[in-house]
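Put together the whole structure using the sequences plus the hints.
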Amino acid sequence: MDLRFNDEETAFRDEVRSFFKKSLPENIRRKMVEGKKIGKEDIVTWQRILNKKGWAVSHWATEWGGTGWSPVKQYIFLDEMQQAPAPSPLQFGVYMVGPVIIAFGNEAQKKKFLPRIANIDDWWCQGFSEPGSGSDLASLKTTAKRAGDHYVVNGQKTWTTLAQYADWIFCLVRTNPDSKKQEGISFLLIDMKTPGITVRPIQTIDGSREVNEVFFDDVKVPLENLVGEENKGWDYAKFLLGNERFGIARVGLSKERIRRLKELASIERVGDKPMIDDERFRTKIAAVEVELKALEMTQLRVVAAAKNGNSNKPDPASSILKIKGSEIQQTISELLFEVVGPYGLPYQPEQIEDDRVNEPPIGPDYAAPLAPTFFNWRKISIYGGSNEIQKNIIAKAILGL
Amino acid sequence: MDFELSEEQRLLQESVGRLLSDRYGFEQRTAYMKEPGGFSRALWKQYADLGILALPFAEEDGGIGGGPVDIMIVMEAMGRALVLEPYLATVVLAGGVLRHAGSKVLRAGLIPKIADGSLVLALAHSERQSRYDLADVATSAKKDGAGYVLDGAKGIVLHGDSADKLIVSARVSGKQRERDGIGLFLVDAKAKGVSIRGYQTIDGLRAAEVTLAGVKIGAEDVIGDPGKASPVIERVVDEAMAALSAEAVGAMTVMHEVTTDYLKTRKQFGVPIGNFQVLQHAAVDMLMATEQARSMAMLAAMMAAEPNAVERHKSVAAAKVQIGRSGRFVGKTATQLHGGIGMTMEYKVGHYFKRAMAIDVSFGDADHHLATLAKMGGLLAA
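Listed in order, the protein sequences are those of chains A and B. Note that the first sequence covers residues 1 to 401 in our numbering. Note that the second sequence covers residues 1 to 382 in our numbering.
Hint data in this document are derived by calculation from the structure and do not stem from the laboratory. In this text, all values refer to a predicted model and were calculated from it rather than measured experimentally. Positions of the beta carbon are idealized from the N, C-alpha and C atoms, including for glycine. Please note that a few of the clues may not be correct.
Away from chain A, derived, C-beta distances all over 12 Å, residues of chain B [what the hints assert, rightly or not]:
1. Leu11
2. Ala108
3. Ala135
4. Val149
5. Ile156
6. Val194
7. Gly198
8. Asp225
9. Asn275
10. Gln277
11. Leu299
12. Glu306
13. Ala319
14. Arg325
Derived coverage of chain A by chain B (criterion: at least 3 residues anywhere in the stretch with Cβ under 8 Å from a Cβ of chain B; other residues may be distant) [said to hold, decoys possible]:
15. 5 to 18
16. 44 to 53
17. 281 to 290
18. 325 to 332
Have a look at this one:
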């Protein structure tokens, strides 16, 4: 048992760290540090830099552009990327639909879609949730009926993140209304330019416009866009949701946010001293650091188990990554709000959204994104299966209750 | 980076686990508690035969040359069994002082006897007023020819009533809470001027209040450099906290297992109570608390031998915070989920709860170490 990276792992860490330092555009890095909005252009620019280096889809099978790195190296890569801090490659393509196509898609689909996902030539979004199907995802009602060489899709998806930019959406649709609810679902790839699709934005409590409703009105989808077998889509969806083991805890991101928190807490003052020297506040920071350290160690246990090929049986540790990771991120966002005190109040969306705004900010120049981010990050314990659903899963799958 | 146990460590885990599962049933434990000293001398001898009393000592001193991960393995098994024997007191605490500061002569005289089970030791360091401040030592050591004379009182000396010899800290110079000026001395439990009042602790183990009145110490029983003992004490206490963290994880694991089983078997309203979501989520919360604690106990073990004392202490303190919080939470929830039966002396869950609480208040509770960590600037550099 040894916490230290070996020479090869250390050299690898230095290599990725120096690559991020050299290649991450300064304006993107700065926006990440300041918590400002990362736009479509930023994500495309950065993912193409990564793809040119061969690192955009590092965890994919090597024949489709993966790196063949060990689980430890994959972990180091993600950790360093989050600490840089650099944006993630587009989740919906790289971490969600890409691996599903690799595992279950046919050759034509792989050739058509995978290189474009890696280079972010197509922007993908996720069509799972519906207005009546949140935690009970398998109750979804959007239908796909066969009509000759295509399906006709009708229904509505919601909470569709960044659908406003999307070229494609991967959807769970009901292809057999008569079978058990999990057994009548299929996994379809749909071109967002198809007639009959309408995207309507939903504004979230922080004022941002990340999520959307997507309506399907007699949308024709070629049969060739079915992934795998008809009515097996639920299995592919579970595969997709279970794939998040390494990234979900976002330990690297939380480390970076804690550094930011300490930086701001040493600027802000309480009475005659910096907030970082206020006993009450610094104890709150230390408490979340302990939680984060424990989570990092738990994550490393999962990575080490995967390295030793024990990945078939789920490590009890892996199940807690999402719950603890989300709680920690939310706690940090709350402390970042707290650090500016009343200067969390001025609502200045233009200071977050538009990097070229000329108007000087109200209050300290780092304050504007902090309160909105706190509110926005409440989503983390809700999306991808709420924390309560995660506990149901753990109770059943691990504790046998 | 590697979290696997070596082949030897797996064997150690198996053999200690087997011995304790054979010999530490609930009723057996109750009987051991009534033996002189409140533990089983027969088992102590078996620990010697198994080699675990020699575990952390250097081979040249008659030990096995094991490290903190080996101690973690033993202590976790002891936590699962809720052992009463003075392993922490003799091997980890007093043994730690000998390893880090004992002269060659002292090591040669004492370590083989620890290893063969014929010598029980205790570390008499904390005092009534010192709480968790390791530098707060009022007991005095006055120079007396080539030796010293000790006067003062020591409190909560773990297994102090069964120890053959005590390692006592005392101040040779400086003010009461000064880090400099502390020395360590080997004192025979039967020496003139030593009086020991033993008692049972809340968790069923033993401790003692020790009074020292004009106790004479020969030059050969002065351990290390008198006045410069603080780094040794801090290091040994860090090692002890790492060991206790592993013990607590063993105890939490059992509480979680027992509670989960209970939820599957106890029926109310015509169904096993584990069908109720509110109890399922409480059981999941216990699992998470236990696994986070396990992760930090591993960190503490892997950092306990870290040469940089600041980094070592930060990691161990962080582990102790997690262990304290998790242990309290798991113990309280285990008791609550059992209902009335969890409140009884005849049911085992309460005994694990008491041990988890005792571990939290030993060598600094979660709040104490959190405050320390915060004062040291936390774990991540700004």
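### Message
Taking beta carbons only, do three or more residues of the segment 281 to 290 of chain A come closer than 8 Å to chain B?
### Response
The restraint on the segment 281 to 290 of chain A holds, since 7 of its residues have a Cβ under 8 Å from chain B and three suffice.
### Query
Just checking, glycine 198 of chain B versus chain A, shortest CB gap more than 12 Å?
Consistent with the label, glycine 198 of chain B stays out of reach of chain A, its closest Cβ about 36 Å off (over 12 Å).
### arginine 325 of chain B remote from chain A - nearest C-beta pair above 12 Å
8 Å, violated
### Query
Should the label of isoleucine 156 of chain B as a non-interface residue stand, given a Cβ cut-off of 12 Å to chain A?
The claim holds: isoleucine 156 of chain B sits with its nearest Cβ about 26 Å from chain A, beyond 12 Å.
### Task
Mind verifying the non-interface call on alanine 135 of chain B? Its CB should be farther than 12 Å from each CB in chain A.
20 Å, holds
### Task
Confirm or reject the statement that glutamine 277 of chain B sits farther than 12 Å, beta carbon to beta carbon, from all of chain A.
Nearest chain A Cβ is 7 Å from glutamine 277 of chain B, so the label is violated.
### Message
Can you confirm whether chain B covers the segment 5 to 18 of chain A, using C-beta to C-beta distances below 8 Å and requiring at least three such residues?
### Response
With 3 residues in contact (Cβ-Cβ under 8 Å with chain B), the coverage given for the segment 5 to 18 of chain A holds.
### Query
Would the least Cβ to Cβ distance between glutamate 306 of chain B and chain A come out above 12 Å?
9 Å, violated
#### Entry: Least C-beta distance from leucine 11 of chain B to chain A larger than 12 Å
15 Å, holds
### Query
Far enough from chain A: is every CB of that chain over 12 Å from the CB of valine 149 of chain B?
The claim stands: valine 149 of chain B keeps its Cβ more than 12 Å from every Cβ of chain A (closest is about 41 Å).
### Task
Quick one: work out the minimum CB distance from aspartate 225 of chain B to chain A and report holds if it exceeds 12 Å, violated otherwise.
Consistent with the label, aspartate 225 of chain B stays out of reach of chain A, its closest Cβ about 31 Å off (over 12 Å).
### Query
Checking the smallest CB distance to chain A, is valine 194 of chain B really beyond 12 Å?
40 Å, holds
The structure is inconsistent with the numbered hints 9, 10, 11, 12, 13, 14, 16, 18, although it conforms to all the rest.
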